[in-house]
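K.L.:
Now for the letters of each chain:
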Amino acid sequence: MPNIVFHNITKSYDGINDAVNNLNLNIKEGELITILGPSGCGKSSSLRMLAGLESITKGEISIDGTVINNVLAEDRNIAMVFENFALYPHLNVANNLSMPLIAKKLQKKEIAQKVNEIAKLLEISDQLKKKPNQLSGGQRQRVALARCLIKQSKIFLMDEPLGHLEAYLRLLLRTEIRRIHETEEATTVYITHDQEEAASLSDRIAVMNQGKLQQVDTLVNLLDKPHNKFVAQFIGNFPINLIKGFLLSENESYIFSVENTSSKLIIKENIKLKNTDLSNLTIGIRPEDFTIEDNITNQNTLKGEILNIELIGDKCLINLDSQLGNINILSNFSKEYKINDKIFFTPSFKFLKLFNSEGMNLNLNE
Amino acid sequence: MSLVSIKKNIFKDYLLVLLALVFVGFCLFPIYIMITTSFKSEKDIFAWEHVWFFKPTIQSVYNAFFIFGGKSVASFILNSLITTFTSTLLAVLFGAMAAYGFSRYKFKGSKHIAFYILSTRFAPPVAFIIPIYLMVNFFNLLDTHFTLIIIYTSMNLSLSIWILRGYFNEIPIEIEEAAYIDGYTRVEIFWKVCIPLIKPGLITTAILCSIFSWNEFLFAVILTQRDASTIPVYLASFQDSMGLAWGEFMAVGAMAVMPILIFTIILQKHLVRGLTFGAIR
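So the sequence lines, in the order shown, correspond to chains S and U. Using our numbering, the first residue of the first sequence is number -3, and each one after it goes up by one. Using our numbering, the first residue of the second sequence is number 5, and each one after it goes up by one.
All the given hints hold, so there is nothing to weed out.
So the derived label-pair ranges between C-beta atoms look like this:
| hint | chain 1 | residue 1 | chain 2 | residue 2 | range |
| --- | --- | --- | --- | --- | --- |
| 1 | S | Val67 | U | Phe98 | 23 to 33 Å |
| 2 | U | Phe98 | S | Glu56 | 35 to 45 Å |
| 3 | U | His54 | S | Gln130 | 49 to 59 Å |
| 4 | U | Phe98 | S | Thr171 | 47 to 57 Å |
| 5 | S | Glu106 | U | Phe98 | 35 to 45 Å |
Hints in this document: simulated from the structure, not taken from any laboratory. Note that beta-carbon positions come from the ideal geometry of N, C-alpha and C, so glycine has one too.
Start from the sequences, fold in the hints, and give me the full structure.
P.N.:
Now the structure itself:
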């Protein structure tokens, strides 16, 4: 099981803008890491540099301590699944699967045996004679996965492999990928923009934006302890509520005064202020971190009027015009609410997310 | 859909079929005349009124094949086959290699070079005939297959590069990248992945190149005299001071059409579009 290190990696296509900017990432052996980020954040470029399909502008990538910057793609012994499958259209499935083995100059008999084994594993044995254009999307994806596995590499790269599949197939193949990663004892780098997929698959998630690595952590930590405003906004099933204001210190607690309103939030949690300008802060509260109350229960209980209600499974997302401005609250579907109803709610500051003017989270213990 | 509109459509279909038949007749009529004339006696050929029904004779065919020009027609056809086959093979082979380069490598001036290659076809070939004659004569290569092969290859190369470049451009780059990941070198990818994928393009190019080489007359008539003369040169030799021997001319003409016709018919079933379908997504 190899480990992979990105050391100060920069990639620029035009010499002016950096698609990847000074990326430092240590992928542990046997780890399944997901690189998550919006389109154009540099996640695919990073993966392609690792695969050898893209040159490295600056920095070093090493596998097990050996720098691979100048090793050709065909000599890196890395297996990869492409976003759009990239099967050989002129070859049938069996021959598609044979290609990596022919390159390794294996005997015909051995190739046939391995093809049959892998086809059985991915349940495509009855498709071996078919050409890619005779297969469904799911079957093509399985063939692409099989071609990746048959190489018996110890590094798997997957570039949004499930991006073009139906929801149920995504679920099915997700489990398959995780299982294969474990049985093959490989190190896997997985790229996606679907955080649910990232969460279900990976040991750690690396969040990227505009070519820069934002944070590498487990999903729980990304949700509760985002390093910056981008991570807070990008991670989470529902958009985080960002409320601007300023902070005052008072008797071992803090008062957060909401911008343009008279509302105040009392924060009893300990905050590390690190010489910050307290007049320009943003507090982030996830829709799940509100409790709806029947009446005013404490100093932080606020009032709002329901503008919209969206049903999501057994929960509902309530859009409120409140004393904190326009916010979203996730509620258990225990009581029926109607538009224009007035409700009370209390925010929880268990994992306080307080961002300075640069968007950095002030409340990290690290 | 109402019955009336169905009837209208059927009428439209018949009309289309009729038009197609007229067009096919128009195209095939010269070939019909060519084949029938080669089996007519001289009297029937030169009759004032066109003779539709006649007693076939093989005199013209016999003359054309064994007597006229004092040399068997087979040797001219063989010359044509040698020059056409070899020059087509070379034009397609080198054309594919160059086209791949133009398609996959973006280097300084690549667009200009590609345009320059096409521009070699801008001037009429007759403009080059004297310098080429002098060169060929200098190297003592007049009346050789080699000369015609080199000239036809270079003339077809620009066409071949331009057609094949389009086909290479259509191959999704991911397929090649997948092949790199599978452990293949660029050269292996070219032969094992790209060439099979542009098969329809190779066939189209081969057909066009071979038609050009097979029918080329100007260079053949000036640069060859006897040993390397091709079939168009032989055809032209039927015109002499005594006039044109129509029967023999037509017999050889029909014979000259056959190889290229057969070649095209055999290859056209491979001209399938959308070979790369299903490769991605």
